[in-house]
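Here the structure of chain A is known, so what remains is to put chain B in place on it, guided by the hints.
Number of protein chains: 2
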Amino acid sequence: MGSEGQELEGNVLVAQSGGPTVVINSSLAGVIQEALNHPCIEEIYGAMYGLRGILGGNFIDLAQESQHVIRGLRHTPGAALGSCRCRFQESDMDGLFHVLESKNVRYFFYIGGNGSQCAVRAIEAHAKKIGYGLRAIGVPKTIDNDLAVTDHSPGYGSVVKYVATTAREIAIDDQSMGDFDLVSIVEVMGRDAGWIAAGSVLARHMGTPFDAPHLIYIPERSFSDSEFLASVQKVLENNRYCLVVVSEGIRNAAGDYVRTSGIKDPLGRTELGGAAEHLQYLVEQHLKIKARTTKLGISQRSAAHCASLRDNEEAFQCGVKAVRYAVEGESGKMISIVREGDSPYAVTYALTDLDEVAGKVKTFPEAWIDESGSMISSNFFRYVAPLIQGEVAVPCKGGIPEYVHFAGTKKVEENLFQKKR
Amino acid sequence: MGSEGQELEGNVLVAQSGGPTVVINSSLAGVIQEALNHPCIEEIYGAMYGLRGILGGNFIDLAQESQHVIRGLRHTPGAALGSCRCRFQESDMDGLFHVLESKNVRYFFYIGGNGSQCAVRAIEAHAKKIGYGLRAIGVPKTIDNDLAVTDHSPGYGSVVKYVATTAREIAIDDQSMGDFDLVSIVEVMGRDAGWIAAGSVLARHMGTPFDAPHLIYIPERSFSDSEFLASVQKVLENNRYCLVVVSEGIRNAAGDYVRTSGIKDPLGRTELGGAAEHLQYLVEQHLKIKARTTKLGISQRSAAHCASLRDNEEAFQCGVKAVRYAVEGESGKMISIVREGDSPYAVTYALTDLDEVAGKVKTFPEAWIDESGSMISSNFFRYVAPLIQGEVAVPCKGGIPEYVHFAGTKKVEENLFQKKR
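From first to last, the protein sequence lines stand for chains A and B. Using this note's numbering, the first residue of the first sequence is number 135, and each one after it goes up by one. Using this note's numbering, the first residue of the second sequence is number 135, and each one after it goes up by one.
You may find that some hints are simply not true.
The list cannot tell twin chains apart, which means a pair is met if one copy fits it or any two copies do.
Only pairs whose alpha carbons sit at most 30 Å apart, straight line, appear in this in silico DSS-like list of lysine-lysine [said to hold, decoys possible]:
hint, residue 1, residue 2
1, K424, K494
2, K368, K545
3, K237, K263
4, K544, K368
5, K424, K544
Worth flagging that the hints you see were computed from the coordinates, not collected in a lab.
Okay, chain A solo, but in the shape it has when bound (with noise of 0.2 Å):
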């Protein structure tokens, strides 16, 4: 039976899957709070764990949540039904269909990244080909900004406001000792792509102390020790203090991680640290200077504390629209963000067609790195600026953020992992 522009009556079936970000429960709430709204949608089921909560149907009853939760939702970072990294396999699609059909879900609402989107496109494709009336829609999210077709996701803005906020925070620090030149160290995530650490340059605010960071280096161009010291000597040349940002995923000419140096622990394993460590040694080993390592690590994708109310309002929209689209018939797309202005900044929010989106990256643009191949264009302002504007009022208590959790997950999580949690 088809469904397209028909009212479909029945239940929706949202999950979370992937890294998490501190908007990806934001998201949760728009699909939450839309589908209250529409008569025909009657439960609300969170499946727990991404793809292993759905294959299992171990689902929550959302609607049975509080209130205070559900607004809570709106600041509290990590995956708030739980997350998972495994992939969709062809294999697996009966058994999903059959928790679909025992379940009445004909709402299917999946929050990831790309590979959330590729599962998306194949159930909903699955559902054509045996005829089940189900409407399908996912929900962009990721830290790395490389989906494809929109025009940002949701999730990067927060993680720049933080990086950049650190960023300035750290230069500050580096800039007040006067004993000695310093080489500080920033490393921030992006495997394959420069997004995050691109954004470090809105830390920068040239005419004052605070210019830094003087370095950043990204994945899309191939990093080389000896035109790094030499960076890094001719900005200690005027300044006493240099802070460089760099992405976990750098890269030499050969195409190697810039940490695999050859350093060998005594079992024969390559050495344990990470691009920073390599950058720190660099400087220290050469130029005889004092370097001194950040690691953000999980932090960066999690500090709610300090996200972009931009970015937490976007990602709201964006669980809006997808359950809007639905009831109007739409199925098997992704919803992107368009962007319509810079100043001032405004988005509209379509609809993307799966097969333009799954399995492609977005990597940073070429004309958006300065030509040193060590800074990012100021051209890259302009388009990054926007997105970490506003502050989210986080409520603390006893002095820390105060983040909900659903009081339906308990008894599933047992049931699940034979765990706590």
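Showing chain B alone in chain A's frame:
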């Protein structure tokens, strides 16, 4: 000429020393604002880069700075006057008093940790010896919380608030992932004392899924690889993830830093990684469980966007009280915070003889370490919880915190360094 109890007319010199905290400038603002209230004080000089600027007479005129900048100091990280780690030598004394006399400095305030308090003591003693009328007061500052006598040190509450906030956020991310067991390791500062790592215990919210960190390792207890692995396994019997917070300075039973695990680079130097990498290596090698690391590095002492309001206000008051006590005739003392009660929390500000502070270290009390050696006792809560209360409203511009810098520093810096900054 003795000066105690008499009104002493002359100028103020204030300086900052040691590693910055996010509230060291709040103490500076307290000194400046209070100094403006006393007619016996004429000029208010700031020495740049601590001892270096004191000896070189590299001063800026703080009364010339705008109200916008003085107010902005209350939320700006780093050391706005610049700092240094160099230690005061007796051979510096004649030159120093030559500078003080030439600028008619009669009030000297040094904001810093142990080394700075030693310097204040030596300078005060020399002033007495040569009959130079000077009132010298130390203002406490350290994220490490290892200054003696004072209940706690300005700077400590804010780093705990940031570390506990970040630990809770990372825990929520850890708990989101449902694919496999996970060990997440967060390395924080603390070479000799575990106060910062211990403070992360405030992230725990027992009875909810947010009961991490599960293990905390501090330098006060020697670290054993095998006990660590056993503790991780025990945590993972009931949890799918194990969050470990570790001081950078943990040592094994032989007294060696645990990062010196014998792993050498090709030049024979000890491995590049720190404590967190060593723990990651142990988990992945021996338990075959995925482990990931975050090293907060300099961000933890510069994250003014996540400062404790109480810490900020106390730091300001320490600056204010230093000036008041000096005007009343006191000298050769350090301001200390005296806790008058926990509930309601209340403090007063007293003077401490520098002999009781200089050269002393306050380590984390044995009584607050859990029997297991890998967790902090709940008795510590009553001490630490009040220190992180309240949030500082930091104005943002363009989505990034708006921090200030003195207008007068540029020229002095060029003289000092022959470099811009």
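Homo-oligomer pair classification [K544, K424; C-alpha up to 30 Å]:
So K424 and K544 pass the 30 Å test across copies only (24 Å; inside, 49 Å).
How would you classify K237 and K263 at a CA-CA limit of 30 Å: within, between, both, or neither?
Cα proximity of K237 and K263: one copy only (20 Å, versus 88 Å across).
Please work out whether the CA atoms of K544 and K368 approach to 30 Å or closer within one copy, between two copies, in both situations, or in neither?
between (56 Å within a copy, 21 Å between copies)
Within, between, both or neither: K368, K545 at alpha-carbon 30 Å:
Between copies, since 22 Å is at most 30 Å while 59 Å is not.
Using 30 Å as the alpha carbon limit, work out where K424 and K494 are close: within a copy, between copies, both or neither.
Between copies only: 28 Å across, 41 Å inside.
This entry satisfies every hint, going by the numbered hints stated previously.
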